[in-house]
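These protein sequence lines are chains A and B, in that order. The first sequence runs 1 to 237 under this note's numbering. The second sequence runs 238 to 497 under this note's numbering.
Mixed in with the good hints there might be a few duds.
Beyond 12 Å from chain A on every Cβ pair, some chain B residues (computed) [what the hints assert, rightly or not]:
(1) Gly-290
(2) Gly-301
(3) Val-395
(4) Leu-399
(5) Tyr-462
(6) Ala-487
(7) Leu-490
Derived coverage of chain A by chain B (criterion: at least 3 residues anywhere in the stretch with Cβ under 8 Å from a Cβ of chain B; other residues may be distant) [claimed, not checked]:
(8) 59-65
(9) 85-93
(10) 177-188
(11) 216-229
If we take Cβ atoms under 10 Å as the criterion, some of the chain B residues that face chain A in the derived model are [claimed, not checked]:
(12) Gly-326
(13) Ala-329
(14) Arg-353
(15) Gln-389
(16) Gln-394
(17) Ala-397
(18) Arg-398
(19) Ala-446
(20) Gly-447
(21) Pro-450
(22) Asp-482
(23) Glu-486
(24) Val-493
(25) Thr-497
To be clear, the hints were calculated from the coordinates, so they are not data collected in a lab. Being a predicted model, the structure only gives us computed values, none of them experimental. A virtual CB, placed ideally from N, CA and C, is assigned to each residue, including glycine.
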Amino acid sequence: MLRNGPSQRSPNAFELDDVVLVRGGRRILDRVTAQLPRGAATAVVGPSGSGKTTLLRLLNRFEDPDEGVVRFDGADARDLDVLQLRCRVGLLAQRPVMLAATVADEVRVGAPDLAEARVAQLLSRAGLPGFSPDRETADLSGGEMQRLALARALALDPDVLLLDEPTSALDADAAAAVDEVIISLVEAGLTAVVVSHDLHRLLDVTTHTIVLESGRVVEQGPPAEVRYLHSQRGGSR
Amino acid sequence: MNGTAQIPSWLGVATSLVLVIIAALVSWREGLGLTRELVVVAVRAFVQLVAVGALLGVVFTYGGLPAAFGWLTGMVLIGGQVAGRRAKGLPASRRTATIAIAAGAAATMGVLLVLRIIDSVPTVVIPVGGMVVSGTMVATGITLRRVRDEAQRSRPQVEARLALGATGSAAFAPYKREAVRTALAPAIDSTKVVGLIALPGAMTGLILAGTDPLEAIRYQIVVMYMLLAAPALAGAVATRLAGRDLFDEAQRLRPVSVPT
């Protein structure tokens, strides 16, 4: 299979083919080959420094591979319009970054023409139902900011959401709330790629797992078959 | 000329060395560790000014306007290096600084000369141009430094905008505005207090040369106005170019390192 047009869609949202990424003389990713299925959650796990975040950054072209190919919908990501790609592939960073003064303006950063009703709908979808659009973003808690950042990403109606340790900077309750939103989005058909060193609640919606170690894929498959997760959870799953 | 102050003789200049000795003594007594540097800069200033004075004499006598513009070009090139160095770590900072200073100086001098506000003679073009270039150089240096610092400090914000499909230029726009504002602040402040705190250079020079103060201020007003225009222009050009160079063709923020 060389290149699929969008008409004959590949079952995978992303395919990484023998990807090598070198930074500062170090191989951050070393011959990574992986498939990330569409309409499901893929988890990228592994110890810190194993290249998880870098892999995620390849998917919205914050990085390009030095060797190999990253395909989105069957097409080499480098051949696509990068701005359109980023509208279709949203990113939620580890620490939420607020870009506007009020909640409504924050949701509209990437989509300035959104109607009020749509803003309210997005807030509700991101787990902030009934949230006042006039509230100041500076007054929000970390968990609220992260869900607002999620609403901001959803405003572009992306096909894929990249989640880079989305709850690691949050306390337990806030993390649970964000996870719940992610679960409902995946259940509603969104493709998600979650980088995490502990999957917790997301395990139930994760259909595929990629285990990285020192930039190499050491295991890949359904979570139940991945030994790395067993060892992490004391073999309970 | 009537009313012209007496210019210090070489003996007078030599005697003024007493002032350097006073500064050196203060440094030595207080253990500031600056004695050597004070002497070196005093000698250096002397040599530089004697050389410049001699060269200017030659340019005024034999060079005419082409030499005057050549002189200005030299100042722009040096200013570009100096301002660019202030923003070390920013991609292509020296090239950007040079172009920005050239643009600010050329546009400002162009207006002054084409509208015949100042005379097109070397004795006017070089000193006025020098003021334009040095004001522009300072503003450009501050602008680019601010751009560099913002690019480093605000990387998460910039990347958050890029991740939402923004172009590099749009993602960096809020920081560009701040950079130009910062660069213009000194020019605006000094325009505010002009004449109140210190008599500005051009006016001082004319008064020393015996010009009536009410005539001298006319020159100074023109100088102040040009020192608003040139940095504004240079700052705008510098942020535009630097903003472009900060992003690669895939709209990614390039690595920016702030030297410690």
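Against the structure, the hints come out as follows:
Every CB of chain A is more than 12 Å from the CB of Gly-290(B) (nearest about 51 Å), matching its label as outside the interface. The beta carbon of Gly-301(B) is kept farther than 12 Å from every beta carbon of chain A, the shortest such distance being approximately 53 Å. Distance check on Val-395(B): its Cβ comes as close as 9 Å (rounded) to a Cβ of chain A, failing to clear the 12 Å threshold; non-interface status is violated. The beta carbon of Leu-399(B) is not kept farther than 12 Å from every beta carbon of chain A, the shortest such distance being approximately 7 Å.
At the 12 Å boundary, the C-beta of Tyr-462(B) stays outside the reach of chain A, the nearest C-beta of that chain being 36 Å off. At roughly 5 Å, the least C-beta separation between Ala-487(B) and chain A is not larger than 12 Å, which violates its mark as non-interface. For Leu-490(B), the requirement that its beta carbon stay farther than 12 Å from each beta carbon of chain A is not met, with the minimum near 9 Å. By the rule of at least three residues with a Cβ nearer than 8 Å to a Cβ of chain B, the coverage given for the segment 59-65 of chain A holds, with 5 such residues.
Counting residues of the segment 85-93 of chain A whose beta carbon lies closer than 8 Å to any beta carbon of chain B gives 5, which meets the minimum of three for the stated coverage. Coverage of the segment 177-188 of chain A by chain B is violated in this model, with 0 residues showing a Cβ closer than 8 Å to a Cβ of that chain against a need of three. Requiring three or more residues with a Cβ within less than 8 Å of a Cβ of chain B, the coverage given for the segment 216-229 of chain A is violated, as only 0 such residues are present. Hint status for Gly-326(B): violated, given a least beta-carbon distance of 16 Å to chain A, over 10 Å.
With a least beta-carbon distance of about 21 Å to chain A, the hint placing Ala-329(B) at the interface is violated under the 10 Å criterion. For the restraint placing Arg-353(B) at the interface with chain A, the shortest Cβ-Cβ distance is roughly 47 Å, beyond the 10 Å limit, so the hint is violated. The beta carbon of Gln-389(B) comes no nearer than 15 Å to any beta carbon in chain A, farther than 10 Å, and the hint placing it at the interface is violated. This hint holds: Gln-394(B) has a C-beta 5 Å from the nearest C-beta of chain A, less than the 10 Å allowed.
For the restraint placing Ala-397(B) at the interface with chain A, the shortest Cβ-Cβ distance is roughly 4 Å, inside the 10 Å limit, so the hint holds. With its C-beta approaching chain A no nearer than about 6 Å, Arg-398(B) sits inside the 10 Å limit, and its interface hint holds. Hint status for Ala-446(B) relative to chain A: violated, with the closest Cβ pair at about 55 Å, above 10 Å. For Gly-447(B), the interface hint is violated, since its Cβ never comes within 10 Å of a Cβ in chain A; the closest pair sits about 58 Å apart.
Because the beta carbon of Pro-450(B) sits about 50 Å from the nearest beta carbon in chain A, more than 10 Å, this interface hint is broken. Among the interface hints, the one on Asp-482(B) is violated; its C-beta lies about 18 Å from the nearest C-beta in chain A, farther than the 10 Å criterion. A hinted interface residue such as Glu-486(B) counts as satisfied when its beta carbon comes closer than 10 Å to some beta carbon of chain A; here the least separation is about 8 Å, so the hint holds. The restraint placing Val-493(B) at the interface with chain A is violated, with a minimum CB-CB distance near 15 Å, outside the 10 Å limit.
Residue-level restraint check for Thr-497(B) is violated (minimum Cβ-Cβ distance to chain A is 18 Å; threshold 10 Å).
Going through the hint list in order, the structure does not satisfy hints 3, 4, 6, 7, 10, 11, 12, 13, 14, 15, 19, 20, 21, 22, 24 and 25.
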